[in-house]
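**Q** Assemble the whole structure, with the sequences as input and the hints as a guide.
Numbering (my numbering), first residue to last: 1 to 256.
In short, the hints are calculated from the structure, not lab data.
Please note that a few of the clues may not be correct.
[Stated by the list, open to error] EDC-like mimics (lysine to aspartate or glutamate), calculated; alpha carbons at most 16 Å apart, straight line:
#, residue 1, residue 2
1, K43, E60
2, K74, E60
3, K117, D62
4, K117, D65
5, K117, E106
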Amino acid sequence: MRLQDKVAIITGAAHGIGRGIAMRFAREGAHVAICDLNAEGVKKVSQEISALGRKSLWSEVDVSDSSAVNEMVKRTSDFFPRIDILVNNAGGSYSLPTKLEEITDEIWDKVVNSNLKGTFLFSRAVAPHMKKQKSGRIINLASIAGRNGGNMVGPQYSSAKAGVMGLTVHLARYLGPYGITVNAIAPGIVLSGPRLEKLWMERKTEEERQESLTAIALRRVSTVEDQASVVVFLASDDAGYVTGVTLDVTGGWFNT
Numbered sequence: 001m002r003l004q005d006k007v008a009i010i011t012g013a014a015h016g017i018g019r020g021i022a023m024r025f026a027r028e029g030a031h032v033a034i035c036d037l038n039a040e041g042v043k044k045v046s047q048e049i050s051a052l053g054r055k056s057l058w059s060e061v062d063v064s065d066s067s068a069v070n071e072m073v074k075r076t077s078d079f080f081p082r083i084d085i086l087v088n089n090a091g092g093s094y095s096l097p098t099k100l101e102e103i104t105d106e107i108w109d110k111v112v113n114s115n116l117k118g119t120f121l122f123s124r125a126v127a128p129h130m131k132k133q134k135s136g137r138i139i140n141l142a143s144i145a146g147r148n149g150g151n152m153v154g155p156q157y158s159s160a161k162a163g164v165m166g167l168t169v170h171l172a173r174y175l176g177p178y179g180i181t182v183n184a185i186a187p188g189i190v191l192s193g194p195r196l197e198k199l200w201m202e203r204k205t206e207e208e209r210q211e212s213l214t215a216i217a218l219r220r221v222s223t224v225e226d227q228a229s230v231v232v233f234l235a236s237d238d239a240g241y242v243t244g245v246t247l248d249v250t251g252g253w254f255n256t
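**A** In structure tokens, the structure reads:
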């Protein structure tokens with residue numbers, strides 16, 4: 001097992017990619033502290049992790065609330081002897097309008113705060129623990145939309161994910177001397193649940209969906225496990241000399 005007895009914090013873990021990462025980490029031997037706004041969902045995932053014989057904590061957390069973030073990290077550090085891994089997964093596009101003229105200040109703030117500010121707040125809270133132990137892994141969830149935009153998401157999401165990529169490089173430079181690596185993955189099309197499946201159907205015509213699949217070298221959309229596998233690699237000792245990288249996990253999606 002590649003993460004035997006490591007301690008990980010994973011945000012946005014009640015469903016989708018976050019849940020997939022949490023469960024994969026547990027199967028790889030990690031103990032996992034997870035959070036989400038969906039208290040019922042994240043509690044259920046925590047129980048599933050415990051059923052695998054791993055220790056687990058769960059918290060209901062708004063990742064854009066610095067007090068809530070700090071409290072969750074403190075609770076984790078009080079319960080576990082160390083914090084080895086942080087996965088900043090929380091965020092999303094929230095099925096909100098994508099046309100520039102329809103995007104309100106509130107929509108912009110909601111998406112940027114959950115995707116970018118939350119990544120910053122958790123990284124800031126965890127960094128002192130990792131610096132003290134002179135080791136750690138931070139993995140951020142970006143998106144191919146942060147590079148190329150896309151017609152399924154709006155500028156608020158693309159901008160937030162581009163910011164995550166920039167933050168990843170900055171943190172890698174700052175934390176590298178302390179033995180901490182910071183990387184990101186940029187998923188392409190991941191139909192990780194009913195909401196995204198609905199967006200895929202509503203925001204693309206049949207012709208556009210076929211064009212998107214044709215543009216993917218592997219000719220299929222991603223599974224949650226495809227993404228989780230790469231996060232496990234970046235969290236493992238095998239990626240000890242990899243930092244500051246945003247790794248596209250798109251199946252070879254060269255045209256969005």
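**Q** Next, verify each hint and record whether it holds.
**A** Hint by hint, here is what the structure shows:
{"no.": "1", "hint": "K43 to E60", "verdict": "holds (9 Å)"}
{"no.": "2", "hint": "K74 to E60", "verdict": "holds (14 Å)"}
{"no.": "3", "hint": "K117 to D62", "verdict": "holds (11 Å)"}
{"no.": "4", "hint": "K117 to D65", "verdict": "holds (9 Å)"}
{"no.": "5", "hint": "K117 to E106", "verdict": "holds (15 Å)"}
Checked against the numbered hints above, the structure violates none of them.
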